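Student: Chains W and X are the protein sequences, given in the same order. Read left to right, the first sequence gives residues 1 to 516 (our numbering). Read left to right, the second sequence gives residues 1001 to 1190 (our numbering).
In short, the hints are calculated from the structure, not lab data. The model shown is predicted, which means the values in this text are computed figures rather than measured ones. Any given hint could be a false lead.
[Unchecked claim] Facing chain W, a subset of chain X residues (Cβ under 8 angstroms, in silico):
no. : residue
1   : 1042
2   : 1126
3   : 1144
4   : 1166
[To be verified] The following label-pair restraints were derived from C-beta to C-beta distances:
no. : chain 1 : residue 1 : chain 2 : residue 2 : range
5   : W       : 310       : X       : 1098      : 46 to 52 angstroms
6   : W       : 249       : X       : 1035      : 45 to 51 angstroms
7   : X       : 1161      : W       : 441       : 20 to 26 angstroms
8   : X       : 1164      : W       : 66        : 17 to 23 angstroms
9   : W       : 66        : X       : 1176      : 35 to 41 angstroms
10  : X       : 1161      : W       : 400       : 32 to 38 angstroms
11  : W       : 120       : X       : 1110      : 50 to 56 angstroms
12  : W       : 398       : X       : 1024      : 36 to 42 angstroms
13  : W       : 249       : X       : 1092      : 50 to 56 angstroms
14  : W       : 441       : X       : 1024      : 33 to 39 angstroms
[As the list claims (entries may be wrong)] Chain X is nowhere near these chain W residues, computed Cβ spacing over 10 angstroms in every case:
no. : residue
15  : 106
16  : 156
17  : 225
18  : 338
19  : 426
Ideal Cβ positions, reconstructed from N, Cα and C, are used throughout, including at glycine.
Residues per chain are reported as follows:
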Amino acid sequence: MSGLFAFHGGLKTVRHKTESNQTPIQTPPLPPRLLVPLRQHIGNPAKPLIQPGDRVLKGQMIGQADGYISAAVHAPTSGVVVALEPVPVPHPSGLADWCVVIDSDGEDRWIDRQAVDYRQMHPSDLRNWIRNSGVVGLGGAVFPSAVKMNLSGHCERLEHLILNGAECEPWITCDDRIMRERAAQIVAGIHILAHLLNPREVLIGIEDDKPDAIAAMSAACAGTGYQVRAVPTRYPSGDVKQLTKLLTNKEAPIKGRSTDIGVQCFNVATAYSVHRAVNHGEPVISRIVTVTGHVRQPGNVEALIGTPFSALIDWAGGYREGAERLIMGGPMMGFALHSDEVPVTKAANCILIAGAADLPAEQPALPCIRCGACVEVCPANLLPQQLYWHARAREFDKAQDDQLFSCIECGCCSYVCPSHIPLVQYYRFAKNEIWAQEKEKQKAELARQRHQARVERLEREKQEREAKLRQKAPAKAASPVGESAQVPLETAVARARSARESVTAPATADSDAAQG
Amino acid sequence: MIVDIFSLGLLAAASGLLLGFAAVRFKVEGDPIVEQIDSILPQTQCGQCGYAGCRPYAEAIAAGEADINQCPPGGEGGVIALAELLGRDPKPLNPENGAEKPKMLAVIDEQNCIGCTLCLQACPVDAILGAAKHMHTVIARECTGCELCLAPCPVDCIDMLPVAQNIGTWKWSYPLSMPEPRRAAEQVAA
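If we strip away everything but chain W, and leave its shape as in the complex, we get (with noise of 0.2 angstroms):
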């Protein structure tokens, strides 16, 4: 197979990929304090390990993986730990969330760094040695790879392992860089990815709006059978579904996942940071960020995780006139942030200072015509519109039935509506509400289980109490105690009948008193 395959529906959006892609990766300078948050993946936050007052060297792990699907959070640069705090981190809802606060002390003195030789490890001590250095879908999904490196269970073998590079979002260019300055090192961090998963066939899928990037890693590729492939530039083809289908023309079954077809795959950053990790002993501490919009010299920064927002727009000139809203991620699939004091995350690929004519108006909304523009671009083959009915009226139940968490949440039906009915929203709205009832319903079951215990127990020690009193009453009736207290009454009866017969013999009475 060589072709490529259409999906249904996307869109030809306005590219804004040459404001920021024209000059070379920068790093900007140390940050004097760094909010490292312990939930940058999806998953469970990891454990901190640290205690306010420590001293911590760069790259060394702060916080460790709490169970299957987490990941581990390092220590960007050396310093000291001078809290461990909720602070605002950058989220929709703009609210705090643990984060390990640390005073650079400027030296960036590393750990001890240790590279390891992957072809001689164990598969479970590689993955794990990927999982403890934080290595996360650098894509914006933030999932921990090291759990889709487990194939067992999934798939007999692997058919393609495909690395995604199509970086569809309008504006977002910080793919476009890291393929271009640092392909060699991409491909090294596919050797270790192809020797975990043994695929036929490896695959990059790059936008063909990035000729320089589809160059640079057909070079770097050369002789290693990696193909390279340019896909046509239409959003979302940077979507996991999308890309598989234009590469291989495969789908996923509805609740299945990729590799219950034989794909699995990575986003090309999270390559290069599996090879960071693994030929050089690096940890994740910083990703490629680009900053872009009105800000006045855009470009992509390498930041180091838990630099604030606002140092990144400061070294990149500060905000320009015009500037409305800060976004994180791209226009179509970001969300707008509460403030510039959050800190950079593993998921934050692009800073976004937005201008007016940057985003669609707000406009209030009009009822929806059923025009089915929305279904045409539904790059998931869903009925938007039935979706927007189900969820707007609250009948969970048939938005589920009408696949709503197939939803990818691209925003390509909002984008087309001519009623301006913000329809991502409402899904969203629906999948946290059915989220939050099926949470509910477990702890439901558990307050169920644990009332039925409490019922059970107290009917227990009732008859416990019971069965000790029965025992108690004729174990009563028979002891000596009783006889004792029968004897005295009898012998005072007789002490009486002897006393009113004979008065005549006081002496003897006494002494029948005392034997009593």
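Once you've looked at the hints, dock chain X against the given chain W.
Tutor: The following block gives chain X in isolation, referenced to the frame of chain W:
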């Protein structure tokens, strides 16, 4: 004629045997409708319905002794779900049983707790930890917010606090750009 009677009789006997066997072999233990009602109830075990817990209330509904609108923690959604299950019309909550409130969590002011164990005995889900003359505390994960521990406390050291929102429990809200359509129960009530 005789053949007809004989064959029909044989058929009746065979069917009778089959049905009799099925009645014994496939006997349903307990009342499945009680289970279904119980699974809809929120399992708060608060007793606001007038019964000793969710299951007794479910049994009372199944027996036709209680109405479906006596569970304030289940709220309007619970009434609608019960109405759907039982094929009745939904109705607003009975105000005699209380009003629907946001989910709360019992918190013991540990400075003032005298360790009397009265709240331990009142808690329907054993969510309070403590011993006589020792400080008590609520296991937040297990607390159903039933408020049954408030009344017995002799020093009033238990407060009901709203469940704090964090990133793990935060939800996308209903889009505000359009007026919300009227909900089913409101329409019925109107």
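Student: Next step is simple, just say for each hint if it's right about the structure.
Tutor: Hint by hint, here is what the structure shows:
no.: 1; hint: 1042; in the structure: 6 angstroms, holds
no.: 2; hint: 1126; in the structure: 5 angstroms, holds
no.: 3; hint: 1144; in the structure: 5 angstroms, holds
no.: 4; hint: 1166; in the structure: 6 angstroms, holds
no.: 5; hint: 310(W) x 1098(X): 46 to 52 angstroms; in the structure: 49 angstroms, holds
no.: 6; hint: 249(W) x 1035(X): 45 to 51 angstroms; in the structure: 47 angstroms, holds
no.: 7; hint: 1161(X) x 441(W): 20 to 26 angstroms; in the structure: 23 angstroms, holds
no.: 8; hint: 1164(X) x 66(W): 17 to 23 angstroms; in the structure: 21 angstroms, holds
no.: 9; hint: 66(W) x 1176(X): 35 to 41 angstroms; in the structure: 36 angstroms, holds
no.: 10; hint: 1161(X) x 400(W): 32 to 38 angstroms; in the structure: 33 angstroms, holds
no.: 11; hint: 120(W) x 1110(X): 50 to 56 angstroms; in the structure: 55 angstroms, holds
no.: 12; hint: 398(W) x 1024(X): 36 to 42 angstroms; in the structure: 41 angstroms, holds
no.: 13; hint: 249(W) x 1092(X): 50 to 56 angstroms; in the structure: 55 angstroms, holds
no.: 14; hint: 441(W) x 1024(X): 33 to 39 angstroms; in the structure: 35 angstroms, holds
no.: 15; hint: 106; in the structure: 32 angstroms, holds
no.: 16; hint: 156; in the structure: 36 angstroms, holds
no.: 17; hint: 225; in the structure: 43 angstroms, holds
no.: 18; hint: 338; in the structure: 13 angstroms, holds
no.: 19; hint: 426; in the structure: 6 angstroms, violated
Of the numbered hints listed earlier, the single one contradicted by the structure is hint 19.
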